[in-house]
Amino acid sequence: MPEEDFPEVEYSRVRTFESAEVQSESVTLRGEIKTIGNFAIDEFGFVWSETKGSTRINTDRVVVGNENKVQEFEARIDRGLKDNTKYYARAYLKSGNSWVFGQEIEFISNGSKDPIIKDFNPKSGAPSEVISISGENLSYNPLVLRVRFGTLNAVILSATDTLIRVSAPEGTSSTPINISVVNKSVTTNGVFTFQNP
Amino acid sequence: MLVKSLQLFLILVIVSLPISEILGQSDFREGYIITNTNDSIPVYLDYQPNASLHEKLRFKKALDASVEEYFPNDLIRFRFKNDKLFRSIRNEEVANGELVFIQVLVKGRLTFSKYNSAFLLEKEGDDNVYNLNNKEVEQSELKGLSRQKSTRQLGVINLLINDCDGQVITEYFRLTEKKVTEIVEKYNRCTGTRSITYLEDKPFIGIQYGLTLGATNNYLSVENLSSGNNNLEFSDFGYDLKPLYGLNLLLTLPRISDRYALNIDLLYTSSEFSAYGPVNSNPATTNVYNYLEFSLNSLKVPIAIRYILPERAIGAYINVGPVLYTHLKYDWNTITERRVGSDIITTQVSEEGLRPIEVGVWAGLGITKSITNKVGAFVEIRAERSNSFLSERILMGRNSGVGKQYRNHLNLVLGFQIK
Numbered sequence: 001m002p003e004e005d006f007p008e009v010e011y012s013r014v015r016t017f018e019s020a021e022v023q024s025e026s027v028t029l030r031g032e033i034k035t036i037g038n039f040a041i042d043e044f045g046f047v048w049s050e051t052k053g054s055t056r057i058n059t060d061r062v063v064v065g066n067e068n069k070v071q072e073f074e075a076r077i078d079r080g081l082k083d084n085t086k087y088y089a090r091a092y093l094k095s096g097n098s099w100v101f102g103q104e105i106e107f108i109s110n111g112s113k114d115p116i117i118k119d120f121n122p123k124s125g126a127p128s129e130v131i132s133i134s135g136e137n138l139s140y141n142p143l144v145l146r147v148r149f150g151t152l153n154a155v156i157l158s159a160t161d162t163l164i165r166v167s168a169p170e171g172t173s174s175t176p177i178n179i180s181v182v183n184k185s186v187t188t189n190g191v192f193t194f195q196n197p
Numbered sequence: 001m002l003v004k005s006l007q008l009f010l011i012l013v014i015v016s017l018p019i020s021e022i023l024g025q026s027d028f029r030e031g032y033i034i035t036n037t038n039d040s041i042p043v044y045l046d047y048q049p050n051a052s053l054h055e056k057l058r059f060k061k062a063l064d065a066s067v068e069e070y071f072p073n074d075l076i077r078f079r080f081k082n083d084k085l086f087r088s089i090r091n092e093e094v095a096n097g098e099l100v101f102i103q104v105l106v107k108g109r110l111t112f113s114k115y116n117s118a119f120l121l122e123k124e125g126d127d128n129v130y131n132l133n134n135k136e137v138e139q140s141e142l143k144g145l146s147r148q149k150s151t152r153q154l155g156v157i158n159l160l161i162n163d164c165d166g167q168v169i170t171e172y173f174r175l176t177e178k179k180v181t182e183i184v185e186k187y188n189r190c191t192g193t194r195s196i197t198y199l200e201d202k203p204f205i206g207i208q209y210g211l212t213l214g215a216t217n218n219y220l221s222v223e224n225l226s227s228g229n230n231n232l233e234f235s236d237f238g239y240d241l242k243p244l245y246g247l248n249l250l251l252t253l254p255r256i257s258d259r260y261a262l263n264i265d266l267l268y269t270s271s272e273f274s275a276y277g278p279v280n281s282n283p284a285t286t287n288v289y290n291y292l293e294f295s296l297n298s299l300k301v302p303i304a305i306r307y308i309l310p311e312r313a314i315g316a317y318i319n320v321g322p323v324l325y326t327h328l329k330y331d332w333n334t335i336t337e338r339r340v341g342s343d344i345i346t347t348q349v350s351e352e353g354l355r356p357i358e359v360g361v362w363a364g365l366g367i368t369k370s371i372t373n374k375v376g377a378f379v380e381i382r383a384e385r386s387n388s389f390l391s392e393r394i395l396m397g398r399n400s401g402v403g404k405q406y407r408n409h410l411n412l413v414l415g416f417q418i419k
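Protein chains in written order, with the numbering used here: chain A, 1 to 197; chain B, 1 to 419.
It is possible that part of the hints are untrue.
[To be verified] To give a feel for the contact side, a few chain A residues facing chain B, derived at Cβ under 7 Å: (1) Phe-17; (2) Phe-39; (3) Thr-55; (4) Ser-98.
[To be verified] Think about it this way: if two alpha-carbon atoms lie no more than 30 Å apart in a straight line, the pair counts; the simulated DSS-like pairs of lysine-lysine are: (5) A:Lys-69 <-> B:Lys-329; (6) B:Lys-56 <-> B:Lys-179; (7) B:Lys-369 <-> B:Lys-329; (8) A:Lys-69 <-> B:Lys-179.
[What the hints assert, rightly or not] Only some residues are given here: those of chain A computed to face chain B with a beta carbon under 7 Å: (9) Tyr-11; (10) Val-64; (11) Asn-97; (12) Trp-99; (13) Phe-101; (14) Gln-103.
Since the hints were made in silico from the structure, they are not lab data.
For glycine and all other residues, C-beta sits at the position ideal for the given N, C-alpha and C.
Extracted from the complex, chain A is given alone in its bound form (with noise of 0.2 Å):
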């Protein structure tokens, strides 16, 4: 078959790494943009889950960059992980309207870092509200993410690893937030309260 009648794709190529190497709370991963697409990258990194075969959904990722060129790049993950336990990832890139996923690798997790509340606005609201909390070693993936005010679970409308936006419970009085991710939880030192119409 002549050259000129493979269609080139649109899209970057991304490649993972065999080897993840596993240290105590962190895993460090290794990818490379193997060739660069008719659309510039908008973002690349690293997702990973527990269930085999995941890309986009329900997994969790970390965002090494979104320079256009061929490269190698690596991220040392220390958040959303469980002691002991086996996780799928892939390197990842965004580029136009695809997402490319490199092929999947597997690792057994030695656990992470405790995750971090740093702050949370507004300080109080009426239920449905939208409050936006930030901070460190958060997730992505809503599935290992439980937001708490008191004893009342809000909806998580998004999260990033820095920043989780919840739609604020039907609650009644003043009460700490308590952010969980996968096994572990950090509650916050002041109390949102609730501003019932």
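Using the hints, position chain B against chain A.
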């Protein structure tokens, strides 16, 4: 495209050089002739293979003068400066009694000469010429009595040297120029007479060795490659430019020929090829692509007969011969990309089916330049074609049986050689 054109050009140039033209190259070197009137005249002699010089001599009185020819009846002898000496002779033992030039290798009380492959001995005070390769012995060989040859040669040599104490040879030896030269030199020393060895400064075997560096541009073509369950029709894996480096060895036989040598290299190089295409035969509708990657780390051993063109300020040569690749490491990965909505999901499989040995042929054109008396440098462009590295079992195409595969290589190498 440029590389392929260059390779084709190089191969055509080498293949199209008529052998007669190659062998007929003129190479006029300083020397002298002695005419029948005993006049010694410095001239430039055409340095031809011995076979040509037995019949006639081409020479110029000056480098820009016209070429003249002399035959054995015109000259007593001629000699290249610090090199070969020839003299004319008519004897029943040589060339069926024709008047010819013979090459004198050692001159003394016992003189050793050569006519083509025949070794000739002459002794002062004896008018005979003893041909150690005469017909009688050859006939004996045909009857399966090959030992008679050495026995007779032994007898002839012993007859000529037995007047020197302790020189008699009792053990069988293989008749070589080197061995006979040693015997004759030893005899002449033993008799206390003057002995001149005309090629004394030239070793029987010359060895040059050194380092080679360069770059290789590979082109891989494969038809009907079967990858796992997916039959693909890749044909063009494109080009791969990589460095190569290693050792070179050049073996010469200076006393036999200045024009031919054996070139052997040991080079390390690597190669990477990749190609992708749709698994579905309709590229317009497919949503699965296979991306193939081959990577090789190889030791290559190019072997060649080198023809050295007559030397000017810069020497030039042609190499032609086989090349052997040993792939020290060879990997093949098939990476499948499947589009599901806006996600492209990659899976990767390491596959088997590469073979560790690859063979081919090559030809090269090079130039050499001496840096010092002991060190020389060379630059060479080489074209190769090899049978590639994929096992036949994975080349079973869907439509046309076993697919074809080949690799073209264009190498540019430079190096140093210690003489």
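Enumerated hints in conflict with the structure, sorted upward: As far as the earlier hints go, 1, 2, 7, 8 and 10 are violated by this structure, in ascending order.
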